[in-house]
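Undergrad: Since each chain sits alone in its own frame, please combine them into the complex, following the hints.
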Amino acid sequence: GAGVSQSPRYKVAKRGQDVALRCDPISGHVSLFWYQQALGQGPEFLTYFQNEAQLDKSGLPSDRFFAERPEGSVSTLKIQRTQQEDSAVYLCASSSGLVKTQYFGPGTRLLVL
Amino acid sequence: GQQLNQSPQSMFIQEGEDVSMNCTSSSIFNTWLWYKQDPGEGPVLLIALYKAGELTSNGRLTAQFGITRKDSFLNISASIPSDVGIYFCAGLNNNDMRFGAGTRLTVKP
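Taken in order, these protein sequences are the chains called A and B. Using my numbering, you'd call the opening residue of the first sequence number 1 and step up by one each time. Using my numbering, you'd call the opening residue of the second sequence number 1001 and step up by one each time.
The hints are simulated quantities; they were obtained by calculation from the structure and are not laboratory data. Honestly, I wouldn't trust all of these hints.
[Said to hold, decoys possible] Below, simulated DSS-like cross-link-like pairs (lysine-lysine); rule was C-alpha separation at most 25 Å, straight line:
1. A:Lys11 / A:Lys78
2. A:Lys57 / A:Lys100
3. B:Lys1070 / A:Lys100
4. B:Lys1070 / B:Lys1051
5. A:Lys14 / A:Lys78
6. A:Lys100 / B:Lys1051
[Unchecked claim] Selected chain A positions facing chain B (in silico; Cβ < 8 Å):
7. Gly42
8. Pro43
9. Phe45
10. Tyr48
11. Thr101
12. Phe104
13. Pro106
14. Gly107
Glycine included, every Cβ here is placed at the ideal spot set by N, Cα and C.
Isolated chain B, as found in the complex (with noise of 0.2 Å):
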C-alpha cells in the first residue's frame, strides 16, 4: 500500500488563486518528486528535489525538500485551466519509488 501521506485529496480553486499541497512519510527519502497525471496518461515529471532542504521551481511551481527528508509540497502560483489533473508526490531510495495517493485539482475558470 501507500507509504506516504499526500493532503488535500482534492482541491477546488478559482483560476488565478494559488494552491499548496504536500507530502509526508515515516521513512527518510533521498529524492523527492512531483509528478502530474492527466486521465488517460502516465504521471509526468514536474519536479525532482535531491537535497534536503532544497527548494525547486520550474514556472509557476515550487517545490520543498523537507529538512527532515520524509517531507515535501509543491506549490503552484496563478493556477490556469491546465492546471488541473491529479498531482502525485513520490519518494525515490534507489530503485525503490514509493507515490502518494494524490491530489486532484479542479480549476474554475
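Excised from the complex, chain A in its bound form (with noise of 0.2 Å):
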C-alpha cells in the first residue's frame, strides 16, 4: 500500500517477555520515527532515524527500549523484559525529510499482563 504500516495491530505479553513491533515506512522516505502514545495522552516521541543513521534515541525511556533500521527502511522497535507500564500504543511514522510533514501508520497496541 502507499501509507505507512505497522505490524502486528496488536500485541499481549507476559511481563518479562520480550516483543518486537515492525514498521514499514513509505517508499523512499528517509526519515522514520518511533512515537508511544500512553490513553488519553498525544504521542510522545522515542527515537528518529535518517535512512539506517539512528540519529536521536533521546525518548527512550530505558535501555530495555531498542530500535534498528538496518537497510534504511523498514524499523523494529524492540523492547525486552515488558513491564506493564509498557503498554501503550506504538506509533511508526515516516516522511520525506527533516522538517518535512510525518505520515503516520496505524499503530501497533501493546498490552503487558
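TA: Below you can see the structure in the form of C-alpha cells.
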C-alpha cells in the first residue's frame, strides 16, 4: 500500500517477555520516527532515524527499548523484559526528510499483563 | 511529558455548529500541525502551517500559526457527524515534534 504499515496491530505480552514491533515506512521516505502514545494522551517521541542512522534516541524510556533500521527502510522497535507500564500504542511515522510532514501508521497496541 | 497545552480537553456540540480549539507552548516552533485520530488508527494530518501568522484552510477547516510562533488554533465550521474524533496539535522543530494532549470532539446529530 501507499501508507505506513505496522505489525502486529495488537500484541499481548506477559510481563518479562520480549516483543518486536515492525514498521514499514512509505517507500522512499528517508526519515522514520517511533512514538509512544499512552491512553488519553498525545504521542510522545521515542527515536528518529535518517536512512539507517539512528540520529536521536533521547525519548527511549529505558535501556530495555531498542530500535533499528539496518537497511534504511523497515524498522523494528524491540522492548526487552516488558513491564506493565510499557502498555501503550506504539506509532511509527515517516517523512521525506527533516522538517517534512510526518505520516503515521495505524500503530501497534501493546498490552503487558 | 507533553509540552503543548491544548484546550479544550473535550467538546460536545450539535451538528452544524462551529468548533474552535487551540494550542499554546512555552517554546517556539517552526512548524505547527493539526492531526485527527480516529479510534484504533494513527493520527492523520489535517493542516500544516509553516510561517508565523499564516492562515490556512482545508475545506471546512481553518488553522492559524500564531505570530509569536508559540500558539495555533484550529476552527471547524458547520460540523458534521464524521468530524467526531480526537484532534491533536503538534509543534515541529527539525526532527523534534511535540504533541498536545488532544481535544476529543463529539458531534450530536
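Undergrad: Just to be careful, I want the Cα atoms of Lys100 (chain A) and Lys1051 (chain B) compared with a cutoff of 25 Å; is the pair within it?
TA: At roughly 14 Å apart (the allowed maximum being 25 Å), Lys1051 (chain B) and Lys100 (chain A) satisfy the hint.
Undergrad: Mind checking the alpha carbons of Lys11 (chain A) and Lys78 (chain A) for me, to see if they're no more than 25 Å apart?
TA: 13 Å, holds
Undergrad: Please check whether Gly42 (chain A) passes as an interface residue: C-beta within 8 Å of a C-beta belonging to chain B.
TA: Given a least distance of 3 Å, the restraint on Gly42 (chain A) holds.
Undergrad: Should the hint that Gly107 (chain A) touches chain B count as held when the rule is a Cβ pair under 8 Å?
TA: At about 5 Å, which falls below the 8 Å cut-off, the nearest Cβ of chain B leaves the hint on Gly107 (chain A) intact, so it holds.
Undergrad: Tell me if the interface restraint on Pro43 (chain A) is satisfied: Cβ within less than 8 Å of some Cβ in chain B.
TA: For Pro43 (chain A), the interface hint holds, since the closest Cβ of chain B sits about 5 Å away, which is under 8 Å.
Undergrad: Is the hinted pair Lys1070 (chain B) and Lys100 (chain A) satisfied, with a Cα-Cα distance of at most 25 Å?
TA: This hinted pair holds, its Cα atoms lying about 19 Å apart.
Undergrad: Check whether the Cα positions of Lys57 (chain A) and Lys100 (chain A) lie no farther apart than 25 Å.
TA: With Cα atoms ~19 Å apart, Lys57 (chain A) and Lys100 (chain A) stay inside 25 Å; holds.
Undergrad: Given Phe104 (chain A) as an interface hint, is its Cβ closer than 8 Å to any Cβ of chain B?
TA: Phe104 (chain A) check passes; min Cβ-Cβ to chain B is 3 Å, inside 8 Å.
Undergrad: Should the interface hint for Thr101 (chain A) be scored as holding, given a Cβ-Cβ cut-off of 8 Å against chain B?
TA: Given a least distance of 6 Å, the restraint on Thr101 (chain A) holds.
Undergrad: Given the proposed pairing of Lys14 (chain A) with Lys78 (chain A), does the C-alpha separation stay at or below 25 Å?
TA: Holds - the C-alpha atoms of Lys78 (chain A) and Lys14 (chain A) are around 15 Å apart, at most 25 Å.
Undergrad: For the hint on Tyr48 (chain A), does the least C-beta distance to chain B fall short of 8 Å?
TA: Result: holds, 5 Å to nearest chain B Cβ.
Undergrad: Is the interface hint satisfied for Phe45 (chain A)? The criterion is a beta-carbon contact with chain B at less than 8 Å.
TA: 6 Å, holds
In the structure shown, no violation is registered for any of the earlier numbered hints.
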